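Enquirer: Chains D and C supply the protein sequences, listed in that same order. The first sequence maps to residues 1 to 130 in this note's numbering. The second sequence maps to residues 131 to 726 in this note's numbering.
Hints were generated in silico from the structure; no laboratory data involved. Only a predicted model underlies this, so the values are computations on that prediction, with no experimental measurement involved. Just so it is clear, CB atoms sit at the ideal spot from N, CA and C, and this is done for glycine as well. Among these hints, one or two may not hold up.
[As the list claims (entries may be wrong)] For lysine-lysine, the following DSS-like pairs were computed, each having C-alpha atoms within a straight-line distance of at most 30 Å: (1) C/Lys206 - C/Lys230; (2) C/Lys218 - D/Lys61; (3) C/Lys160 - D/Lys3; (4) D/Lys5 - C/Lys287; (5) D/Lys92 - C/Lys237; (6) C/Lys237 - D/Lys61; (7) C/Lys201 - D/Lys50; (8) C/Lys465 - D/Lys11; (9) C/Lys446 - C/Lys290; (10) D/Lys92 - C/Lys626; (11) C/Lys596 - C/Lys626; (12) C/Lys215 - D/Lys102; (13) C/Lys434 - C/Lys465; (14) C/Lys160 - C/Lys230; (15) C/Lys626 - D/Lys61.
[Claimed, not checked] Have a look at the derived ranges for each label pair, beta carbon to beta carbon: (16) C/Lys163 - D/Gly64: 55 to 65 Å; (17) D/Gly48 - C/Glu153: 33 to 43 Å; (18) D/Gly91 - C/Glu168: 29 to 39 Å.
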Amino acid sequence: MAKVKSLADLKKLKENLQSKVDIREKGEGVEGAIYVKIAMATCGIASGAKETMNVFIEESKKAGLNNLVITQTGCMGACHSEPTVEVTLPGKEPLIFGDVHKERVIEIIEKYIKNGELIEGIIPINYKTV
Amino acid sequence: MADYKMHVLVCGGTGCLSSGSGELAENIIKGLKENGMEEEVQVLKTGCFGFCEKGPIVKILPDNTFYVQVKPEDAKELVAEHLIKGRKVERLLYQDPTTKKTITDSKHMDFYKTQVRIALRNCGFVDPEKIEEYIARDGYQALGTCLSELSQDEVIKIIKDSGLRGRGGGGFPTGLKWQFAKANEADQKYVVCNADEGDPGAFMDRSILEGDPNSIIEAMAICGYAIGATKGLVYIRAEYPLAISRLRTAMGQAKEFGLLGTDILGTGFDFDIEIKYGAGAFVCGEETALIRSMEGERGEPTTKPPFPAESGYWNKPTNVNNVETFANIPVIINKGSEWFRSIGTEKSPGTKVFALAGAINNVGLIEVPMGTTLREVIYDIGGGIRNGKKFKAVQTGGPSGGCLTEAHLDTKIDFDNLIAAGSMMGSGGMIVMDEDNCMVAVSKFYLEFTVEESCGKCTPCRIGTKRLYEILDKITKGKGTMEDLDKLRSLGDVIKDTALCGLGQTAPNPILSTLNNFYDEYLAHVVDKRCPAGECEDLIKYEINDNCIGCTACARVCPVAAITGTVKKQHVIDQDACIKCGACYDVCKFKAIDKK
């Protein structure tokens, strides 16, 4: 490791290292966090939920969204439309999107997450969690 | 390679390590490898989470799941269920002791809800063995700001304005201490970090050094710059091996990064740190004794003045601060004195770390704003008294402090309020006692400690504390007189006024405070020869009452054959032969044995 030569260098270094703790700081709670849950049960994994998660992480980074908390969760029960993704915008009810592959991820990010526009393929939630 | 999608934080503090968290972390890593997920999930060993009662702790982020009492063999299930399939492992989640509800997320736990973490900000969050993580959390920015943008006086002014007071117990304004040290001219000055944590039950300094060693290194360098010192020393007890090794690792990494050593951050400022080991003598936490010990002399205090700021280590100006005090410094520089003042009370700004112990549900390490009441700490964060018993007293300040009663529960905790209530802040040990604790025995415990730890240099402490102990011992054996109670008070007052250092001056506090708050309990021992809490063995009497059906269980279990009687007839205990072990009391199923 080369020595840090100035405060400016230290600040640059911090920027580069930020990603190391980013996911933890978000998990502890950030302002205006958007929660993205990807169903990762057997059916989800078989339909490519892992790939969906990777694309979500990459694309959100490309889009410069740093308030996205991307987590995996268990089966949501919508096995007919896997991979399924639940998105919760601040202060809004969660929405579940079905059949989320690469293009859909980009669509969700560009339309719903950035602009709050609704898109096709939303699975109605007909249950309440206690 | 994609970034890690999940972070698994396994507590690597001494408490959790001793209950198997090291093996647990290895098992999780192994499980991830078996499933080809080692590049998706990162496993970190962090510092203490504070919730030591339920260790080992595992926290998973970003979904913020808080698992308690996780055993090494649980790793497999954790990997298969949570890490692969995103299903939380219900049985390992925390259950609220009163509502019996499972809580998945630490933010909803009463234990964490009201805590404000400044000194413990990185404990249980970063990997203490990787300086990169500390830097990512604004680490060393404060040092950089001081060295490149602030003058020495400006740094001291920020600390003075913040109102930060010494967290080791004395509560002396830190900025003022720094100012004195700077004002004294010398060819060499020293910054000393006092990590000789000796109060029974207190472990915040250890936890900070184990969980966030870089914050101490950074703060010491800031102090060095402010007072004009190029050398720092950490005086730490040798029985803290993990803290020492993590501090060493952090120092090595800081040097590699040019954040410690010569020409720090290219500013021309040099600062280096040396570790000095203490042998664990309590008196060495007193700053003059600490300095003597570092010089290789006997750890005995000297009279003040001269204060260390004038003539300390090798007679050079020396500034001694406690670990927790240092841990606050970088944050104050980064966020400003105004921000710090907005937390806590007017005369004691900021937060204080407490080690909760004793008869309380949530034993552990907490950090709360000054001004929080004892009730909030004990009932809201601490979860109340264990086994549904009644609260009796809380001991603060360790052997130098006192016992506070129910009447004090709404006292807002800060340096001055605790002294006004007859106790003191001390380093932050807080031992909660229930109805089964005898206050005379508690005083005796603390006096036994001070007698043992008295260095013997001054007469009031060497001989006085011993006499106090003997009187207490007499009382707990039922041989005390009313005269003894007066003697305790007058001798205690004399020792307070005449002892050389803080150890002796505060040693009578546990007695004086219990005499004030629990006088009736002393009276019961002296006049009635009875221990109301049933703790003093010599004063307990076991007797068999009419409920006895003559089952002979007690007679069979008695190790000294003191119980006699025939089958189906009431038995009798021979009081002279009884050794008061309580075995008969425990074995009786008919409530036929009275403990008096």
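Enquirer: Output the numbers, in ascending order, of every earlier hint that fails for this structure.
Expert: Those not satisfied are hints 3, 10, 13, 14, 15, 16.
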